[in-house]
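Colleague: Sequence:
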Amino acid sequence: MMDPLPTPRQLFRQYDAGEITREAFHAAMRQHQEMLIEEMEEAHQNPVAAAIEEMRRRYAAAKLLRRHNEEELREIFVALSELADFSPAHHLWNAAHRHVPVRVFFRPGKEPVFRVLELKADRWEVCIRVEHGAAARRQATREEIHFQRDDRGELILRQRRRLS
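For the sequence shown, position 5 matches number 4 in numbering that gives the first Met the number 0, and the numbering has no gaps at all.
Just to be clear, a hint being listed does not mean it is correct.
List time: in silico SDA-like cross-link candidates among lysine to any residue, alpha-carbon distance up to 20 angstroms [unchecked claim]:
| id | residue 1 | residue 2 |
| --- | --- | --- |
| 1 | K109 | E142 |
| 2 | K119 | A61 |
| 3 | K119 | L154 |
| 4 | K119 | R148 |
| 5 | K109 | I36 |
| 6 | K119 | E153 |
| 7 | K62 | K119 |
| 8 | K119 | Q158 |
| 9 | K119 | D149 |
| 10 | K119 | L156 |
| 11 | K109 | F85 |
| 12 | K62 | I127 |
| 13 | K109 | A139 |
| 14 | K109 | R55 |
| 15 | K119 | A50 |
| 16 | K109 | D149 |
| 17 | K109 | E38 |
| 18 | K62 | P100 |
| 19 | K119 | E69 |
| 20 | K62 | D121 |
| 21 | K109 | R56 |
| 22 | K62 | E117 |
| 23 | K119 | I144 |
| 24 | K109 | E33 |
| 25 | K62 | V103 |
| 26 | K62 | Q44 |
| 27 | K62 | Q32 |
| 28 | K62 | R106 |
| 29 | K119 | R159 |
| 30 | K109 | N93 |
| 31 | K119 | V99 |
| 32 | K109 | Q32 |
| 33 | K119 | R160 |
| 34 | K62 | R151 |
| 35 | K62 | C126 |
| 36 | K62 | I51 |
| 37 | K119 | E70 |
| 38 | K109 | E70 |
| 39 | K109 | R160 |
Bear in mind the hints are in silico, worked out from the structure with no lab data behind them.
Let the sequences and hints guide you as you build the complete structure.
Modeller: Here it is as C-alpha cells:
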C-alpha cells in the first residue's frame, strides 16, 4: 500500500484511472473508515473534551465566515486537500460536499490540528496561512500557500512555503 495514505478523493481517481486494484481501493477505504471510527470512539469516551473542541470549531468557522463566504472556503479547502504532502488533506477531502458543515474541517485543538491563521482571497488569487500537525504551537507546521485561478477558473498552486 502507498504511504502516506491517499485521501478518498484521490483513491477514487486512482481507481477510476485503473492505477489501483479494487482490493487495494477497498483496503485503503477501510483504513479511512477505521480512522473515523477511532475518532468517534474518542469523542464518546471523553464527551467534555469533544464538546470543547466543537465549540472551538464553531468559533473558528464563524470567524472566517464573517469575511468569506462558504463556497469560497469550501473551494479553498478542496484545493488544499489536493496538495502533495499536506497532512490535513485527510480532513479536508470532502469539503465540496455541502451537506458536511464547514466547521468540521477545522481542528483547533485536537491533533492533528488544522488552523487557518490568515486568509486573503480575491477573484483571481488566494493566499492562506495555515498551521497544522502538533497541537503545541511551537511544534506545529506553519505554511503560506498561494493559489491562482487558471483559465477555467480552478485554483492551482502557485507557491507554497514553510514559515516555521
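Colleague: Hint by hint, note whether the structure agrees.
Modeller: Status of the hints after comparison with the structure:
{"no.": "1", "hint": "K109 with E142", "result": "holds, 19 angstroms"}
{"no.": "2", "hint": "K119 with A61", "result": "holds, 16 angstroms"}
{"no.": "3", "hint": "K119 with L154", "result": "holds, 14 angstroms"}
{"no.": "4", "hint": "K119 with R148", "result": "holds, 14 angstroms"}
{"no.": "5", "hint": "K109 with I36", "result": "holds, 15 angstroms"}
{"no.": "6", "hint": "K119 with E153", "result": "holds, 17 angstroms"}
{"no.": "7", "hint": "K62 with K119", "result": "holds, 13 angstroms"}
{"no.": "8", "hint": "K119 with Q158", "result": "holds, 14 angstroms"}
{"no.": "9", "hint": "K119 with D149", "result": "holds, 18 angstroms"}
{"no.": "10", "hint": "K119 with L156", "result": "holds, 15 angstroms"}
{"no.": "11", "hint": "K109 with F85", "result": "holds, 17 angstroms"}
{"no.": "12", "hint": "K62 with I127", "result": "holds, 15 angstroms"}
{"no.": "13", "hint": "K109 with A139", "result": "holds, 12 angstroms"}
{"no.": "14", "hint": "K109 with R55", "result": "holds, 10 angstroms"}
{"no.": "15", "hint": "K119 with A50", "result": "violated, 30 angstroms"}
{"no.": "16", "hint": "K109 with D149", "result": "violated, 35 angstroms"}
{"no.": "17", "hint": "K109 with E38", "result": "holds, 10 angstroms"}
{"no.": "18", "hint": "K62 with P100", "result": "holds, 15 angstroms"}
{"no.": "19", "hint": "K119 with E69", "result": "holds, 14 angstroms"}
{"no.": "20", "hint": "K62 with D121", "result": "holds, 18 angstroms"}
{"no.": "21", "hint": "K109 with R56", "result": "holds, 10 angstroms"}
{"no.": "22", "hint": "K62 with E117", "result": "holds, 11 angstroms"}
{"no.": "23", "hint": "K119 with I144", "result": "holds, 11 angstroms"}
{"no.": "24", "hint": "K109 with E33", "result": "holds, 18 angstroms"}
{"no.": "25", "hint": "K62 with V103", "result": "holds, 14 angstroms"}
{"no.": "26", "hint": "K62 with Q44", "result": "violated, 29 angstroms"}
{"no.": "27", "hint": "K62 with Q32", "result": "violated, 30 angstroms"}
{"no.": "28", "hint": "K62 with R106", "result": "holds, 14 angstroms"}
{"no.": "29", "hint": "K119 with R159", "result": "holds, 15 angstroms"}
{"no.": "30", "hint": "K109 with N93", "result": "holds, 19 angstroms"}
{"no.": "31", "hint": "K119 with V99", "result": "violated, 23 angstroms"}
{"no.": "32", "hint": "K109 with Q32", "result": "holds, 19 angstroms"}
{"no.": "33", "hint": "K119 with R160", "result": "holds, 16 angstroms"}
{"no.": "34", "hint": "K62 with R151", "result": "violated, 30 angstroms"}
{"no.": "35", "hint": "K62 with C126", "result": "holds, 17 angstroms"}
{"no.": "36", "hint": "K62 with I51", "result": "holds, 17 angstroms"}
{"no.": "37", "hint": "K119 with E70", "result": "holds, 15 angstroms"}
{"no.": "38", "hint": "K109 with E70", "result": "violated, 25 angstroms"}
{"no.": "39", "hint": "K109 with R160", "result": "violated, 24 angstroms"}
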